[in-house]
Amino acid sequence: AQSVTQLGSHVSVSEGALVLLRCNYSSSVPPYLFWYVQYPNQGLQLLLKYTSAATLVKGINGFEAEFKKSETSFHLTKPSAHMSDAAEYFCAVSAGGTSYGKLTFGQGTILTVHP
Amino acid sequence: EAQVTQNPRYLITVTGKKLTVTCSQNMNHEYMSWYRQDPGLGLRQIYYSMNVEVTDKGDVPEGYKVSRKEKRNFPLILESPSPNQTSLYFCASSRGGQKTQYFGPGTRLLVL
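So the protein sequences, as listed, match chains A and B.
In case it helps, my numbering puts the first sequence at residues 1 to 115.
In case it helps, my numbering puts the second sequence at residues 1001 to 1112.
Treat the hints as calculated values from the structure; they're not laboratory data.
You may find that some hints are simply not true.
Quick list of in silico lysine-lysine cross-link-like pairs, DSBU-like style, CA-CA up to 30 Å [unchecked claim]:
#, chain 1, residue 1, chain 2, residue 2
1, B, Lys-1018, B, Lys-1057
2, B, Lys-1099, A, Lys-58
3, A, Lys-49, B, Lys-1018
Partner residues aside, some chain B positions facing chain A, computed with beta carbon under 10 Å [as the list claims (entries may be wrong)]:
#, residue
4, Asn-1007
5, Pro-1008
6, Gln-1101
7, Tyr-1102
Backbone N, C-alpha and C fix where the C-beta goes; we use that ideal spot for every residue, glycine too.
Produce the entire structure from the sequences given, and follow the hints as far as they go.
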């Protein structure tokens, strides 16, 4: 079985401040982990993914995430927020094994960026 | 242009009236999937397909049917829609079950 928990349904930061969106996962086998972003009235697009190579993963738009197996976490960060980062962010896990083909999403975190 | 298309984009219907939401991709992807998005619940997987004629249940399959007769198409069928199926639906495709998924623009469904 696999599951994802995103801590904080809403996160608010000032422009230029650090962005930290938290994601914890549960998986019985080594997981593939993803962060997707959804801008208003649009579909989802991939920010970055972890596929058992480097534990620090760099994505688009200056975002990165670190896979920490001991903490079962895959938190998303960006050093300096921009107004255009305002969106909803989803963490997702695909654990493979008997769950191959299943993709489980977290509940989402809405990021607001203040001027 | 590589894309996933869904039709219709918006649909209002009544309880019990069968409907189909179409999904088509032009990337020759083997894997396709349907999700529903509800506030506070994120996206939940309804059904997925690893290839033509191969489909499997996701986390919330009740009340839905799918078929995969062609590689590019993966329609979602609601045989007897109910108000609790009011939601935003997304189709996605990828080269494999654990590869990056490409999402369609979404179909907003209201069942009265």
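Here is what the structure says about each hint:
no., hint, result
1, B:Lys-1018 <-> B:Lys-1057, "20 Å, holds"
2, B:Lys-1099 <-> A:Lys-58, "17 Å, holds"
3, A:Lys-49 <-> B:Lys-1018, "38 Å, violated"
4, Asn-1007, "14 Å, violated"
5, Pro-1008, "15 Å, violated"
6, Gln-1101, "7 Å, holds"
7, Tyr-1102, "8 Å, holds"
Hints 3, 4 and 5, counting from the list given before, are not met by this structure.
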